[in-house]
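Q: Here is what each chain is made of, one letter per residue.
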Amino acid sequence: MVELMLQREAFLGGVRRRFGSSELIEVTGLELVSVSFAENRRDELGQALQESEGLNLPAPGQSTVSSDGRVKLFWMAPDQLLAVASENRSNGGGFAAGARSLSVEVMRSLSRNAGFYTDQSDNWCALRLSGIEVIPALERICPLDLHDSRFPVGSVGRTVIEHLHTVIHRENGQQYLLLSTSSSAQSFLHAIETSLRNVTL
Amino acid sequence: MSRQFRIGGGLVDPGRIVSFSFDGKSMQGLHGDTLASALLANGRRLVARSFKYHRPRGILSDGSDEPNALVELRSGAHREPNTRATVVELFDGLEAYSQNFRLSLNNDLNAVNDLLSPFLSAGFYYKTFMWPQKFWERVYEPLIRSTAGLGSLSALPDPDCYDKGFLHCDLLVVGGGPAGLVVALVAGRAGARVILADEDYRLGGRLNCESNSIGDQSGAAWAHQAALELALMDNVRLMPRTTVYGCYDHGIFGAVERKTDHLASSKRLPRQVLWRIYSRRSVICAGATERSMAFANNDRPGIMLASAVRTYCNRYGVACGQNVAVFTCNNSGWRTAADLERRGIRVAAVIDTRAETDAAPNVDARIIRQGRIVNTYGRKALSSIRLEDGERLPVDCLAVSGGWNPNLQLTCHHRSKPQWNAELATFVPGDSLPAGMAVAGAAAGVFHLGEILKDAAVVASTVLDELDLGEVDLQLEEAADTPYRIEPLWHIKSRRRAWVDFQNDVTTKDIEQSHAEGMQAVEHLKRYTTLGMATDQGKAGNIPAIAIMADLSGKSIPDTGTTVYRPPYTPVAIGAFAGRSRGPAFRPVRKTPSHRWAKEHGAVFVEVGAWLRAQWYARPGESHWRQSVDREVKATRNSVGVCDVTTLGKIDIQGAGSTTLLNHVYTNGFSKLAVGKVRYGLMLREDGIAYDDGTTARLGENHYVMTTTTANAGLVFRQMEFVRQCLYPDLDVHIISTTDGWAQFSVAGPNSRRLLQKVVDPETDISNRRFPFMGCAEITICGGFPARLFRISFSGELAYEIAVPARYGNSMMETLIKAGEEFEAVPYGTEALGVMRVEKGHFAGNEMTGQTTALNLGASRMLSTKKDFQGSVLARRSHLVDDNALGLVGLRSRDKKDVLRAGAHLLRQGVEPTLENSEGWISSCVYSPTFGCYLGLGFINRGHDRFGETAVAVNPIHKSEVSVTICSPHFYDPDGGRQRG
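Which chain is which? The protein sequence lines are H and D, in order. The opening position of the first sequence corresponds to residue 1 in the numbering used here, with each subsequent residue numbered one higher. The opening position of the second sequence corresponds to residue 1001 in the numbering used here, with each subsequent residue numbered one higher.
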């Protein structure tokens, strides 16, 4: 009998490139779960996450991080958050091993089932950009104001980059995490690379 | 460079010689020159030919208002026509060419137009080319088109790249002259986020061009110091070489930054960047532009604006002539005489049109008060001028100042009307400026340098207040200047032609003719004479023309009014507007998870919206698409086929109100759908027209997954958000797209179950009894991988759709085909998908045209009468439920050899093939390998009652008439036994 297995593929092949002093890498294995507040249970959900993970509910345009730093919550919409687990290196982002650090079941358990949960891990490709060319590059394609005063570390914004839905998160001083829909990942990568190339002398 | 004309000094670098060529002749300039200043330094007078009369023309101005000195830059595919030499920075290797001549610049055969000028007055072509009528298209129009235009395009793709971008600031300062620098300094020191944009490469504006001073420094030195201070502020972004060309809504401005135009090569970096600037406040400090006066033959090479002559002398160290006369109606012209004399250039006379002047006549030149110039001489270069009393003065340069016009264009982009200021004899910005905008300095009609600095400080202070930023006390130093005082002189009457708009060869005679022929409104004047069009947009000519028209019509100038200023302020390359959106990057592409596998297996792709889908999989030896498609259909119907259907929209719906939401958006009920079951649903728009369809699976008590058509995925999601947020704000329901998250495959054909049984983990029983038609489940496959299985069929076969996380999509396709090897499983594309759906009689996008109803589609039974739903009221409109309505039918050619074509009209037999006799049309058409003939779906009046009738499918485009039988659309397995098996 033929052994039938599924092989995982990164949407952008795990791309890693340098532009000047900046770096672009595809973050693979990112685990994402959308969390919506069930009616009248917002506070309950917030309390559960605070008690289980030290996670506060983020304000609009903001993110929070769990006390162990493994999980972040992005504000996405008035009744919706996105839980983001740091890359799960143990299983390379595979589902089958059952070793996911974040999943619908995990989030449901952490928040005492006070919300609604949808796995979003494969809806998004993730790029991490870091370096001094990043802001000049993003200026070319990102309509949001990313100035320190408007988009400090921890901020989360939703926007459209080159016609593509994008979530942008400032991880630290010059480091940004960008999520965009996975089916158009290559177009998104092209847009980002073009921008970095266009500002790199 | 000629020592005669390069007099030294200025802001150019004498140590850096720059080589360039003009019309193939090598020349030298200095770093810091513009092409215009370098040409003047080399003694070039004649640089261009005028638009209509091909008159010899020289450089008139020193900035972006230049109407004459238009040149072509660079060569080959890089060639760029109609570039103003006055704004081109000189660089080593620059190639420039004159344009708009036949033979050569010196000997232009088209100059015969000048002799024919009596016949070529305004509007001549409207009158001249009336007859014979048929000559218009064949003779006149080609002839006029061949002579129209100025420079010529390379006709090659632009090899440069362009980019765009978004900037944000508290304050946008447009213009880096004295006012702009003061505003930026005040706001910058207060901590505001400032963008200062200027079209010049050197900040300072007129300060770099004049000999005036601020405090104990020259104006240029003060500007340099201010620019240095601004450059060191983190909160200030200086953008030289940037033209703010348009003011749009909500403080948004368009600007084009010339990144590499001043370099010999762009080194693959974008040549220009088109910025969208979001500002909380803006201050327009765009300065003012000098205008000429209309007198006989005032367009000869060597006749220039007085301010430009000053600029070339002070900023570039270039003498525009050796024997210069100044002709002015205001005090600023006197500054030209003084500056030239100070640099040792002979000034033959200062001819002031006024009787009295309060400017200190600190010049040695002869002064002629109440002077009038009545003619000029010298065909390719000015040689002399004639005064009213008949005296002829030999001069090689005439510096003219007819007054100054504030550059208020940006203030008018929201239709603010400029106001006439009689004291300044010009229009100044009106009161109703765009929100958040202020104007300072010469752009506001403040022409005295000291007053400009003070005005700018006051405006800046007001803006800071509005921005809630603290006050900054800017210690302003005194600035010397002469008062402006103008007594305007618009026109010196003459039998000869006097130019008003140099660029379009519009003379005072044309304005007189326009007036005589009833074209008196300024907008009519503009269209009739072409006044104010083309690259300079009438920066110099508009106001004098309006004044002359006012004079002719007996109205005041403000009553005559101005034309409407619209973006762009100066020309913007189409390439800059296109930016990076060209070629494959024009729009994003979505790829299915199995794209790579499909490509490796011969797939030919088709664009479906933004998606690329496999259309068919060509195998070696298949030379025609039909061979591939027929094979895929047969293989699927006979055994099993696999198709990537990821592109269908998927919406995850959760919450206690989920069923209510579904019942609202679908016409049919979902309350009784059991967990683990799938139901087909139809959606209408609010106007009752069919909109979308798809299946929705109930995965849990309060958890559904909806599929939509590929095309409408985004629209349906948006509509559902609208329903959720606006119609049912208290409903506990949440939706999120999972289209990209799941790779979904249709596995269809009699062996589909056997194939899937090899993949699905044994815990899940997918036998017909345990997993019947329209069942669904969340399962595991291949030893624990999560998946979703739906037993639904678009092909009419026993079929499933199986979904896995997208990261496994490519591998899943490979796995399914591998698992199906023993059944000779094939991948199939959208064409085979389409053939099978037509055979089965499913309607799709071709049938849901946005004009068809559920009744038309034969789906009126799906309109629930037990509930309200989206579109339910308007779907009951009388003409939508008419008995004679179009009905979806199947169509089969009576002769199997006949070809049916989509789009053909359906007519009764024996009637004339006219549009009036058309009763319907064929909407979808395929060759069916299953039936061995063409099959169609279509609409015809009362279609459902006409099964068995014969009709004629008429296709006038392909000149075909085919006899067809009207039948049920369900050709294949009408009882559905196969899909339930």
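Hints listed in this document are in silico derivations from the structure and should not be mistaken for laboratory results. Just so you know, even glycine gets a beta-carbon here, dropped at the ideal spot from N, CA and C. It is possible that part of the hints are untrue.
Facing chain D, from chain H, some residues (calculated, C-beta under 8 Å) [stated by the list, open to error]:
#1 L4
#2 L6
#3 R8
#4 S67
#5 P143
#6 H147
#7 S184
#8 T194
Distance condition first, Cα-Cα at most 16 Å in a straight line; then the derived EDC-like pairs of lysine to aspartate or glutamate [what the hints assert, rightly or not]:
#9 D:K1818 - H:E39
#10 D:K1509 - D:D1114
#11 D:K1758 - D:D1687
#12 D:K1758 - H:E193
#13 D:K1897 - D:E1847
#14 D:K1818 - D:E1600
Q: Now look at each hint and say whether the structure bears it out.
A: Hint-by-hint comparison with the structure:
Residue-level restraint check for L4 (chain H) holds (minimum Cβ-Cβ distance to chain D is 5 Å; threshold 8 Å). Among the interface hints, the one on L6 (chain H) holds; its C-beta lies about 4 Å from the nearest C-beta in chain D, closer than the 8 Å criterion. About 5 Å separates the beta-carbon of R8 (chain H) from the nearest beta-carbon of chain D, less than 8 Å, and the hint is met. At its closest, the beta carbon of S67 (chain H) sits 27 Å from a beta carbon of chain D; the interface hint therefore is violated under the 8 Å criterion.
With its C-beta approaching chain D no nearer than about 5 Å, P143 (chain H) sits inside the 8 Å limit, and its interface hint holds. For H147 (chain H), the shortest C-beta to C-beta distance to chain D is roughly 6 Å, which falls under 8 Å, so the interface hint holds. A cut of 8 Å between beta carbons decides the hint on S184 (chain H): the least distance to chain D is about 5 Å, and the hint holds. For T194 (chain H), the suggested interface contact is upheld, since its CB lies about 6 Å from the closest CB of chain D, less than 8 Å.
Pair hint K1818 (chain D) plus E39 (chain H) does not hold up; C-alpha atoms about 47 Å apart against a cutoff of 16 Å. For a cut-off of 16 Å, the pair hint linking K1509 (chain D) to D1114 (chain D) stands: about 14 Å separates their Cα positions. Between the alpha carbons of K1758 (chain D) and D1687 (chain D) the distance comes to roughly 47 Å, so the proposed pair goes past 16 Å and is violated. Our distance criterion of 16 Å between C-alpha atoms is broken by K1758 (chain D) and E193 (chain H), whose separation comes to about 42 Å.
With a C-alpha separation of about 25 Å, the suggested pairing of K1897 (chain D) with E1847 (chain D) is violated against the 16 Å cut-off. Restraint check for K1818 (chain D) and E1600 (chain D): satisfied, since their Cα atoms lie roughly 15 Å apart, inside the 16 Å limit.
Violation of the numbered hints given earlier is confined to hints 4, 9, 11, 12 and 13; the remaining hints are satisfied by the structure.
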